[in-house]
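Peer 1: Sequence:
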Amino acid sequence: MKTSDFFYNLPENLIAQTPLEPRDSSRLMVLHRDSDAIEHRHFYDIIDYLNEGDCLIVNDSRVIPARIYGVKDDTGAKIEFLLLRQIDENRWETLVKPGRKAKVGSRFTFGDGLLKAEVVEVTDDGNRIVNLTCEENIYTTLDKIGQMPLPPYITEELKDQERYQTVYSHELGSAAAPTAGLHFTNELLDKIRAKGVNIGYVTLHVGLGTFRPVKVDDVTKHKMHSEHYEIPQETADLIKATKAAGKRVIAVGTTSCRTLESVAAQGEIKACDGFTDIFIYPGFEFKVLDGLITNFHLPESTLIMLVSAFYGYDKTMKAYETAVNEKYRFFSFGDAMAIL
Numbered sequence: 079m080k081t082s083d084f085f086y087n088l089p090e091n092l093i094a095q096t097p098l099e100p101r102d103s104s105r106l107m108v109l110h111r112d113s114d115a116i117e118h119r120h121f122y123d124i125i126d127y128l129n130e131g132d133c134l135i136v137n138d139s140r141v142i143p144a145r146i147y148g149v150k151d152d153t154g155a156k157i158e159f160l161l162l163r164q165i166d167e168n169r170w171e172t173l174v175k176p177g178r179k180a181k182v183g184s185r186f187t188f189g190d191g192l193l194k195a196e197v198v199e200v201t202d203d204g205n206r207i208v209n210l211t212c213e214e215n216i217y218t219t220l221d222k223i224g225q226m227p228l229p230p231y232i233t234e235e236l237k238d239q240e241r242y243q244t245v246y247s248h249e250l251g252s253a254a255a256p257t258a259g260l261h262f263t264n265e266l267l268d269k270i271r272a273k274g275v276n277i278g279y280v281t282l283h284v285g286l287g288t289f290r291p292v293k294v295d296d297v298t299k300h301k302m303h304s305e306h307y308e309i310p311q312e313t314a315d316l317i318k319a320t321k322a323a324g325k326r327v328i329a330v331g332t333t334s335c336r337t338l339e340s341v342a343a344q345g346e347i348k349a350c351d352g353f354t355d356i357f358i359y360p361g362f363e364f365k366v367l368d369g370l371i372t373n374f375h376l377p378e379s380t381l382i383m384l385v386s387a388f389y390g391y392d393k394t395m396k397a398y399e400t401a402v403n404e405k406y407r408f409f410s411f412g413d414a415m416a417i418l
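Going by our numbering, the sequence shown opens with residue 79, and the numbers climb by one from there.
Note that these hints are calculated values from the structure, not bench results. These numbers come from a predicted model, not from an experiment. One or more hints might be untrue.
What the hints assert, rightly or not - What follows is a set of in silico ranges between Cβ atoms, one per label pair, in the way DEER data are often shown:
#, residue 1, residue 2, range
1, H118, G324, 25 to 33 Å
2, D123, N168, 42 to 50 Å
3, N129, Q344, 23 to 31 Å
4, P310, R241, 25 to 33 Å
5, Y86, F362, 17 to 25 Å
6, A272, T298, 42 to 50 Å
7, E117, E158, 39 to 47 Å
8, E240, M79, 33 to 41 Å
9, E117, N215, 40 to 48 Å
10, Q225, K179, 17 to 25 Å
11, F85, K348, 33 to 41 Å
12, V182, D315, 45 to 53 Å
13, Y86, D355, 23 to 31 Å
14, Q344, R290, 18 to 26 Å
Claimed, not checked - With a cut-off of at most 35 Å between alpha-carbon atoms, the simulated DSBU-like pairs for lysine-lysine come out as follows:
#, residue 1, residue 2
15, K237, K293
16, K365, K80
17, K299, K179
18, K301, K181
19, K150, K194
20, K405, K273
21, K321, K348
22, K405, K299
23, K179, K150
24, K396, K365
25, K156, K175
26, K150, K222
27, K293, K179
28, K299, K393
29, K269, K318
30, K80, K299
31, K348, K273
32, K405, K393
33, K222, K181
34, K150, K181
35, K181, K156
36, K405, K293
37, K269, K405
38, K194, K181
39, K321, K365
40, K393, K80
Every residue, glycine too, gets a C-beta built ideally from N, C-alpha and C.
All chains, full assembly: derive it from the sequences and hints.
Peer 2: Okay, structure coming up:
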């Protein structure tokens, strides 16, 4: 398949700039894998499509205020860092703008001295490995000087930073939100549990690799960036029990999906952690997923390719055409689809 096969025309006014209130008032396109039926509902109606004994798997990663602005120590030149992932206590993989000012050995200061950085390595894809030093815990410091790393297609200011976090976010480490989960409220989750639907947690720290454009014509030649994941024992047990009872495992978001299918590709679902660069595109054989809740993704992105792998290429592209015609809101703060 070619990357261009996954292109669709999207009017700019359909790119959601702000989140809706309340969270679960967004629209929901319901797609049925066993038919061509398309239903138009609201996200709070998701409960009507969940059955007792099913389980939802959600990603509890929390976005860090990873965008920081500072100056180069020797010249005073302005610099922007986007912290992508923590390698160890002090070392981070970082996207730097402008990169030409960040050669190995370059030093920078942020927040009037609250945080200092030195470039120690340039990676093959142009990112920088930097040593960070600060007097307080790095996350405490970032809370003081950092900004939420909203995607570039969102140009309006986000007034409430928590609206780029899921209500169940817990594990710090993402450079972007697992946005399918943004639609859930605590009240909706309580209603889902009351119906007998179980909720399991995985962690996948979302890096920018998920959103990087596919720059090759041949889809199979694209290389995904590696991201850290973790599945706790309780979630592994829940998935096994759900499958044994003949019920459905439904992933909330492509990140939850990739976590489950990464582990399943190694054998049975079990408690574990590691790094995954799994790339799911049409032809992929799913071993765990019975359903997927996700947002509407960018044209030619790895995420629309994943959806096409699960729902079918022709049906996915038709669903996107329908979403454009019905004026659904797209991308991070947009509406959702449920494929069941």
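Peer 1: Return holds or violated for the Cβ distance of D123 and N168 against the range 42 to 50 Å.
Peer 2: Given a distance of about 47 Å, which is inside 42 to 50 Å, the answer is holds.
Peer 1: For a C-alpha distance cap of 35 Å, please report whether K156 and K175 respect it.
Peer 2: Holds: K156 and K175 sit about 9 Å apart, inside 35 Å.
Peer 1: CA of K321 to CA of K348, is that 35 Å or under?
Peer 2: holds, 13 Å
Peer 1: Verify the proposed pairing of K237 with K293, using a straight-line Cα cut of 35 Å.
Peer 2: holds, 34 Å
Peer 1: Next pair to validate is K299 with K393; report whether the Cα-Cα distance is within 35 Å.
Peer 2: holds, 24 Å
Peer 1: In this structure, is the beta-carbon distance linking Q344 and R290 contained in 18 to 26 Å?
Peer 2: holds, 25 Å
Peer 1: For Q225 and K179, compare the CB-CB distance with the range 17 to 25 Å and indicate the outcome.
Peer 2: Distance hint for Q225, K179 holds at roughly 20 Å.
Peer 1: Does K273 lie within 35 Å of K348 when you go C-alpha to C-alpha?
Peer 2: holds, 26 Å
Peer 1: Given a hinted range of 17 to 25 Å, is it respected by the beta-carbon distance of Y86 and F362?
Peer 2: Holds, at about 21 Å.
Peer 1: I want to verify a distance hint. Is the separation of the beta carbons of P310 and R241 within 25 to 33 Å?
Peer 2: holds, 27 Å
Peer 1: So does F85 sit 33 to 41 Å from K348, Cβ to Cβ?
Peer 2: For K348 against F85, whose Cβ atoms are near 39 Å apart, the range 33 to 41 Å holds.
Peer 1: Would you check the hint for K405 and K293, treating anything up to 35 Å between C-alpha atoms as holding?
Peer 2: At roughly 28 Å apart (the allowed maximum being 35 Å), K293 and K405 satisfy the hint.
In terms of the numbered hints stated before, the structure departs from none.
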